[in-house]
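**Q** Each chain, written out:
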Amino acid sequence: MVGPWLRPFDAWHTDWTQLQIAPGITHGHWLGSDAIGRDVFVRTLLAGRVSLLLGFGAGAIALLFGLAYGALAGTLGGAIERLMMRALDVVSALPFLLIVVLLLTLFGRSGVLLVVAVGVYACIDLARMLRAEAARLRVLPFVQAARALGAGPWWLLTRHIVPNLLGFAVVYLSLAIPQAILVESFLSFLGLGLDEPSVSLGGLLAEGVQELEDAPWVLLAPGGFLAALLIAFTLLGDALRARLQRPGVA
Amino acid sequence: MSVAKLSVRQLCVRYRDGDVVLRDLSFDLAAGECLAVLGESGSGKSTLARTLIGLLPNGARTNGELRFDGEVLDIAAAARLRGRGIGMVFQDAAASLHPLRRIGVQLSEALRRAQAGRTVSDALGEVGLDASSTFATRYPYELSGGQRQRVMIALALAASPELLIADEVTSALDPLAAREILDVLARLQRDRRLALLFISHDLLAVRHLADRVLLLRHGVVDALVDKAIFFATPPSDYARVLLAAAVRGAAPLLVSGTAVLQVQALSADYAERPALRDIDLALPRGGALGVIGASGSGKSTLARVLLALQSGHARTLQIAGADPFVLSHAARKSWRRRVQIVFQDPGMALDPRMTVAETLLEPLRLHGIGDATTRAARVLELLASVQLDATLAPRYPQQLSGGQKQRVAIARALALDPELLVCDEAVSALDLPVQAEILALLQDLQRMRGLSLVFISHDLAAVRVLCDRVLVLEQGRVVEHGATVDVLLRPQHAHTRALLAAST
Numbered sequence: 001m002v003g004p005w006l007r008p009f010d011a012w013h014t015d016w017t018q019l020q021i022a023p024g025i026t027h028g029h030w031l032g033s034d035a036i037g038r039d040v041f042v043r044t045l046l047a048g049r050v051s052l053l054l055g056f057g058a059g060a061i062a063l064l065f066g067l068a069y070g071a072l073a074g075t076l077g078g079a080i081e082r083l084m085m086r087a088l089d090v091v092s093a094l095p096f097l098l099i100v101v102l103l104l105t106l107f108g109r110s111g112v113l114l115v116v117a118v119g120v121y122a123c124i125d126l127a128r129m130l131r132a133e134a135a136r137l138r139v140l141p142f143v144q145a146a147r148a149l150g151a152g153p154w155w156l157l158t159r160h161i162v163p164n165l166l167g168f169a170v171v172y173l174s175l176a177i178p179q180a181i182l183v184e185s186f187l188s189f190l191g192l193g194l195d196e197p198s199v200s201l202g203g204l205l206a207e208g209v210q211e212l213e214d215a216p217w218v219l220l221a222p223g224g225f226l227a228a229l230l231i232a233f234t235l236l237g238d239a240l241r242a243r244l245q246r247p248g249v250a
Numbered sequence: 001m002s003v004a005k006l007s008v009r010q011l012c013v014r015y016r017d018g019d020v021v022l023r024d025l026s027f028d029l030a031a032g033e034c035l036a037v038l039g040e041s042g043s044g045k046s047t048l049a050r051t052l053i054g055l056l057p058n059g060a061r062t063n064g065e066l067r068f069d070g071e072v073l074d075i076a077a078a079a080r081l082r083g084r085g086i087g088m089v090f091q092d093a094a095a096s097l098h099p100l101r102r103i104g105v106q107l108s109e110a111l112r113r114a115q116a117g118r119t120v121s122d123a124l125g126e127v128g129l130d131a132s133s134t135f136a137t138r139y140p141y142e143l144s145g146g147q148r149q150r151v152m153i154a155l156a157l158a159a160s161p162e163l164l165i166a167d168e169v170t171s172a173l174d175p176l177a178a179r180e181i182l183d184v185l186a187r188l189q190r191d192r193r194l195a196l197l198f199i200s201h202d203l204l205a206v207r208h209l210a211d212r213v214l215l216l217r218h219g220v221v222d223a224l225v226d227k228a229i230f231f232a233t234p235p236s237d238y239a240r241v242l243l244a245a246a247v248r249g250a251a252p253l254l255v256s257g258t259a260v261l262q263v264q265a266l267s268a269d270y271a272e273r274p275a276l277r278d279i280d281l282a283l284p285r286g287g288a289l290g291v292i293g294a295s296g297s298g299k300s301t302l303a304r305v306l307l308a309l310q311s312g313h314a315r316t317l318q319i320a321g322a323d324p325f326v327l328s329h330a331a332r333k334s335w336r337r338r339v340q341i342v343f344q345d346p347g348m349a350l351d352p353r354m355t356v357a358e359t360l361l362e363p364l365r366l367h368g369i370g371d372a373t374t375r376a377a378r379v380l381e382l383l384a385s386v387q388l389d390a391t392l393a394p395r396y397p398q399q400l401s402g403g404q405k406q407r408v409a410i411a412r413a414l415a416l417d418p419e420l421l422v423c424d425e426a427v428s429a430l431d432l433p434v435q436a437e438i439l440a441l442l443q444d445l446q447r448m449r450g451l452s453l454v455f456i457s458h459d460l461a462a463v464r465v466l467c468d469r470v471l472v473l474e475q476g477r478v479v480e481h482g483a484t485v486d487v488l489l490r491p492q493h494a495h496t497r498a499l500l501a502a503s504t
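Chains as they are written, first to last, in the numbering used here: chain A, 1 to 250; chain B, 1 to 504.
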């Protein structure tokens, strides 16, 4: 996030005297520059910011819809639950990437569409896992006791099921966000990502591949950054899980 | 006592967080002898077992001397002897067996590794199981709890150990299955001259099996005496408390009056299989009905139907003045104020994300009773009525003991002033002295509020003290129904007699 203030170079500034400079400290371009003289370090940080933003956006959408859908199905049970889950099976049976590619070509490339598409993709798995967890909670004595007290489905959902699902959902989200980042990078790599001048890590990777032979650092810098980001999220997820897991609950 | 098979001297065990779990523990155990280790949860019973088989958690430190057959039993020796010289059976047989392998395969693997030269059918026969080859092809989930526990014993015996440690092996079983396990253990101890370390909090089992009793309290030996002496003249105050909690008063007299519960020809399913068939029962206001039966007899299904948590069909169904299955949505909600339930497992009975106060406020909020001030006052009143301190109100369930949680669950059930309270094994998961307290509390509530009780339990002693009438279930059918004194003293049906024999 602090990238732009860290280095004096402008991400889109082309310096025709500094084409494809190798990484080094002395000339200021720490990770070198690309074919048209833009600083790789600054562009990587900036693209990382865009990727993170897209990932969090998609994660938020996944959490919202996945939690609502999964918790509702798990709480209601019975025929409605079966119907909702079969509907989910149908959606997840569709070739997701193909559809996204189609949508992006049809409606033009847009950040919003990209975030929504990736978010919906992530929410399918989340909904499924939360449904199973909600169904497990539903038969526990404390939920049954609330039913015996006269609580209806909506009360159970908002007071008991969702609060007890949140920890579980957050842990899962820490795995879903890096997945969303990865999917988005993949789409951008294929050239279906954001329009210039904004660029995400996938877009940078695509540029890097073209210069692979002359200037490998243009590929390696965003690649390494992406890998580090994904590993960081996985570690965060593990830590959260260890933290939130209490016997019998999350 | 000739030569001690196992000798323990000044054993101290300390966990990494600094808690001393066992302190200055010394005893001997001879071949062919059964020493019962008695004590409530947290007294260090299981730690003793883990120390002997060298399976203490990381960071635990031991002092003192352990000898097995005269040989020093350190961690390395314990690891060598584990499963050979020393066998161990745990409480939860379902978790200790590989769920996806046939029991015959698991047994033959253990026998082969021990080079015992015995066959699977020998091993099954020895623990009183069907020795036919078809039985050995079953998976653990196809067995009953008692059968699984016997397979565990057969596995532990595969390598012909001389010391067998049984850790709460009967606690999860109904009385009939538990009695069978005790008989198997008694026979093995005699035939094989096994030294048996029998860890339990079940006085009945201890009385049945033990030669001597070691009473543990907070990790310290409270008493170590012969069984006869322990039960005849309790050697310590704590032993007296334990025994007093187990021996309870006589059955209450039959209550009569207008019916709070009138059920005829009730049938219900559980998991798409018939669980209850043609149940007739009646309970007058202020009465207490005990429902007994082995696990799987339909007791819990009955509780769920009485609470309208699952559906059932009956010719007549009058629960607290109405048939909940024909009521409208709104009418059923207000009907729920009159019938409440307390479940078995206090650990899961309370929402882990709600404080005690929030839990007790929930029924009041649900039915829109009172405003913020009167509700807060009601919470304090409820806590007092189950003899809990008001300072517990802001705590979460994880910060409460099992007995405290169960009291909160009872308070929640009382919040709406019900006429009928259904207790589904409400004390089974608690230690004996705590059980006695909860039972006394239920008795008080019954007397003071005129509450009617349906008390579902496999603990006949608890039923005897609390209930004026008893219903005996076997595989979803009523086999006996009558006044507690009649049913428990002069049982007519063979199944009732078997249940009684298993619990005395």
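Hints were generated in silico from the structure; no laboratory data involved. Glycine included, each C-beta is placed from N, C-alpha and C at the ideal position. Any given hint could turn out to be false.
No farther apart than 20 Å at their CA atoms in a straight line, the calculated lysine to any residue pairs in the SDA-like style are these [stated by the list, open to error]: (1) Lys-333(B) to Arg-138(A); (2) Lys-333(B) to Pro-153(A); (3) Lys-333(B) to Thr-158(A); (4) Lys-227(B) to Ala-31(B); (5) Lys-333(B) to Trp-154(A); (6) Lys-333(B) to Arg-147(A).
Covered by chain A, per the in silico footprint, the following chain B stretches (three or more residues, Cβ under 8 Å) [claimed, not checked]: (7) 264-270; (8) 361-375.
Label pairs and their calculated CB-CB ranges [to be verified]: (9) Ala-227(A) to Cys-12(B): 47 to 53 Å; (10) Arg-395(B) to Val-170(A): 23 to 29 Å; (11) Arg-84(B) to Val-90(A): 44 to 50 Å; (12) Ala-330(B) to Val-139(A): 42 to 48 Å; (13) Ala-79(A) to Ala-259(B): 33 to 39 Å; (14) Ile-75(B) to Ala-79(A): 41 to 47 Å; (15) Arg-375(B) to Ser-110(A): 47 to 53 Å.
**Q** Please go over all the hints and tell whether each is borne out by the structure.
**A** For each hint, the structure was consulted:
Of the supplied pair hints, the one linking Lys-333(B) and Arg-138(A) holds, its CA atoms being roughly 19 Å apart against a limit of 20 Å. For the proposed pair Lys-333(B) and Pro-153(A), the alpha carbon gap of about 12 Å is at most 20 Å, so the pair holds. Straight-line distance between C-alpha atoms of Lys-333(B) and Thr-158(A) comes to about 18 Å, which keeps the hinted pair within the 20 Å bound. The suggested pairing of Lys-227(B) with Ala-31(B) holds, with an alpha-carbon distance near 17 Å, which does not exceed 20 Å.
The hinted pair formed by Lys-333(B) and Trp-154(A) meets the criterion: a straight-line CA distance of about 14 Å does not exceed 20 Å. For the proposed pair Lys-333(B) and Arg-147(A), the alpha carbon gap of about 10 Å is at most 20 Å, so the pair holds. Against chain A, the region 264-270 of chain B contributes 0 residues with a C-beta closer than 8 Å to a partner C-beta. That does not satisfy the three-residue criterion, and the hint is violated. With 4 residues having a beta carbon nearer than 8 Å to a beta carbon of chain A, the region 361-375 of chain B meets the requirement of three or more and the stated coverage holds.
Range check, Ala-227(A) to Cys-12(B): about 50 Å between beta-carbon atoms, so the 47 to 53 Å window is met. Separation of Arg-395(B) from Val-170(A) is about 24 Å and conforms to the stated range, judged on CB atoms against 23 to 29 Å. Judged by the Cβ atoms, the range 44 to 50 Å given for Arg-84(B) and Val-90(A) is violated: they are separated by roughly 56 Å. Checked against the hint of 42 to 48 Å, the pair Ala-330(B) and Val-139(A) fails, with Cβ atoms roughly 25 Å apart.
Taken as a hint, the range 33 to 39 Å holds for the pair Ala-79(A) and Ala-259(B), whose Cβ atoms sit roughly 36 Å apart. Checked against the hint of 41 to 47 Å, the C-beta distance between Ile-75(B) and Ala-79(A) comes to roughly 57 Å, which is inconsistent with it. The hinted window of 47 to 53 Å between Arg-375(B) and Ser-110(A) holds, with their beta carbons roughly 51 Å apart.
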